[in-house]
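Using the sequences and the hints, build the whole thing.
Sequence lines, in order, name chains A and B. So the first sequence is residues 1 to 275, counted in my numbering. So the second sequence is residues 1001 to 1275, counted in my numbering.
I should point out that these hints are in silico values taken from the structure, not numbers from a laboratory. In this text, a Cβ means the ideal position worked out from N, Cα and C, and glycines have one as well. Be aware that one or more of the hints could be misleading.
[What the hints assert, rightly or not] Examples of chain A residues toward chain B, derived with CB under 8 Å:
1. S60
2. H62
3. R163
4. P225
[As the list claims (entries may be wrong)] Below 27 Å or equal to it, Euclidean Cα-Cα: the simulated DSS-like pairs (lysine-lysine) are:
5. B/K1270 x B/K1170
6. B/K1206 x A/K270
7. B/K1206 x A/K250
8. A/K179 x A/K220
9. A/K206 x B/K1270
Number of protein chains: 2
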Amino acid sequence: MKTVAFQGETGAYSERAAREFFGAAWQVMPCRTFRDVFVALHEGHVQAAVLPIENSLAGSVHQNYDLLLQYHLHITGEVILRISHHVMVLPGVKWENVQRVYSHPQALEQCREFLERRPELEIVPSYDTAGSAKLIAEHGWHDAAAIASAQAAEHYGLEVLHRSVESNHKNYTRFLILKKEAVKPEAHAKTSIVFSTPHTPGALFKALAVFALRDINLLKIESRPLHGSPWHYTFYLDFEGTPSQSHCQKALDHLSEISDLLRVLGAYEKGKVIE
Amino acid sequence: MKTVAFQGETGAYSERAAREFFGAAWQVMPCRTFRDVFVALHEGHVQAAVLPIENSLAGSVHQNYDLLLQYHLHITGEVILRISHHVMVLPGVKWENVQRVYSHPQALEQCREFLERRPELEIVPSYDTAGSAKLIAEHGWHDAAAIASAQAAEHYGLEVLHRSVESNHKNYTRFLILKKEAVKPEAHAKTSIVFSTPHTPGALFKALAVFALRDINLLKIESRPLHGSPWHYTFYLDFEGTPSQSHCQKALDHLSEISDLLRVLGAYEKGKVIE
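The following block contains the structure:
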């Protein structure tokens, strides 16, 4: 049976992304850190990995871009998952009896309006959403609730009392699918690259011209501040198309003329949005 | 006495940024959430606020950009702080006797190489770096250490056993200084804006042309994925100069012709890097 690695406790949003992408034919392997995920794939203990790369509220995960540059793996797909937070308790516990609510600080902030309707509740930040569910199940607490995913509720045998309690429902995380071998996507494909330019006025403008002059659509652009290396920037860019199309390959050739570094991280089919 | 609000426990990196910027003449006020920081300033309980906006390893904090759009406050300055993690214990405790290490998962990941030299250590993720130091001081644990800032060690009466144990020393966080009134900076000034464009090929290229055509240097560019609103993007952009310079104001006028939304978040002097 094939295995896909993810970071976090069982019931984490990354696990859901893995299951949505790979289905029941694959098993999942939780890892403690993001680096552990890369090592597991690099050393062949698993056949794929799932990695969160950006969230619509929290931003891009630069450290995961660093790991992508460090380990020569390939992006072969993506999944966009709507993050929906639920309030869960031990079976039979009533909301009126809950005195403490556990979750990751980011999830607590995202559910602030809901929590403020009961200001007497004690809010306890913890390191992980799924970990909060685990905590309540393991301790058998009848006066506490966790805010986590539906998968965490199911895995730890908790009952969901209130669904989708986040204030902003436009909360999506984009996950990358990594493998050791690159794929050659057919339709609706996109390409992710990293490049850096000399920091001169207009350098980025020139870099984007290589795409604009060929009518290539940009899907993401982000400058990475490197405060240790003044006047040098790294850029993350996703564009529509793949290097197997000649106008895209020409744009990449053109870009390499004017950049200090250029790496294609992968070409892959655009991901579905899982609501 | 004037007061500046920050998010986190006493000893948090945000508190250090506030003290570096404002000095001893101001007092600091810890807040539970980022929104609490905005509310404190908006309602006049404090005269300034300090807000982390991007980290060189973890990325931009999109949620804080959302709060900047929601509350009509002004960016009036910035501080760039090198994040340095230290190992701290109760006075007299020896490193050989430490069996558990507490910190925020991100800090633990950043200090991974150091921690792996003693693989028998139990690593315990917690919700906050300064909160981990507080935990050890409050419980009087003689077999545990925290990884946190020098300020946290000082505040909770802990002893630093190992300094700067992070693997990547290029770990910087950029903090914004917010006030109710805008400032008119003199020298080395920059401007932060938010804008959105219709998602047509080349729309971003046209937007950047308004700066390139006037030789205005870009300092940051980032697209914000809005998965709930397909084909619409929001961009964060910092450029060199201020609207009080006519070529910059003309660039902004030009940009407003081709964008759906344009907001100037503030013009301010470029921040010093605090090592």
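A quick look at each hint next to the structure:
With 8 Å as the threshold, the beta carbon of A/S60 comes within range of chain B, its nearest partner Cβ sitting at about 4 Å, so the hint holds. Because the smallest distance between the Cβ of A/H62 and any Cβ of chain B comes to about 5 Å, under 8 Å, the interface hint for this residue holds. A distance limit of 8 Å between C-beta atoms decides the matter here; for A/R163 the minimum to chain B is near 18 Å, and the interface restraint is violated. Given hint, A/P225 at the interface with chain B, holds; its Cβ is 6 Å from that chain's nearest Cβ, closer than 8 Å.
A threshold of 27 Å between alpha carbons decides the hint, and for B/K1270 with B/K1170 the separation of about 19 Å falls inside it, so the pair holds. The suggested pairing of B/K1206 with A/K270 holds, with an alpha-carbon distance near 25 Å, which does not exceed 27 Å. This hinted pair checks out: B/K1206 and A/K250 have alpha carbons roughly 21 Å apart, not beyond 27 Å. Simply put, A/K179 and A/K220 have alpha-carbon atoms about 22 Å apart, close enough for the 27 Å limit, and the pair holds.
In summary, the hint linking A/K206 to B/K1270 is supported, as the alpha carbons are separated by about 25 Å, within the 27 Å threshold.
Hint compliance for this structure: hint 3 alone is broken.
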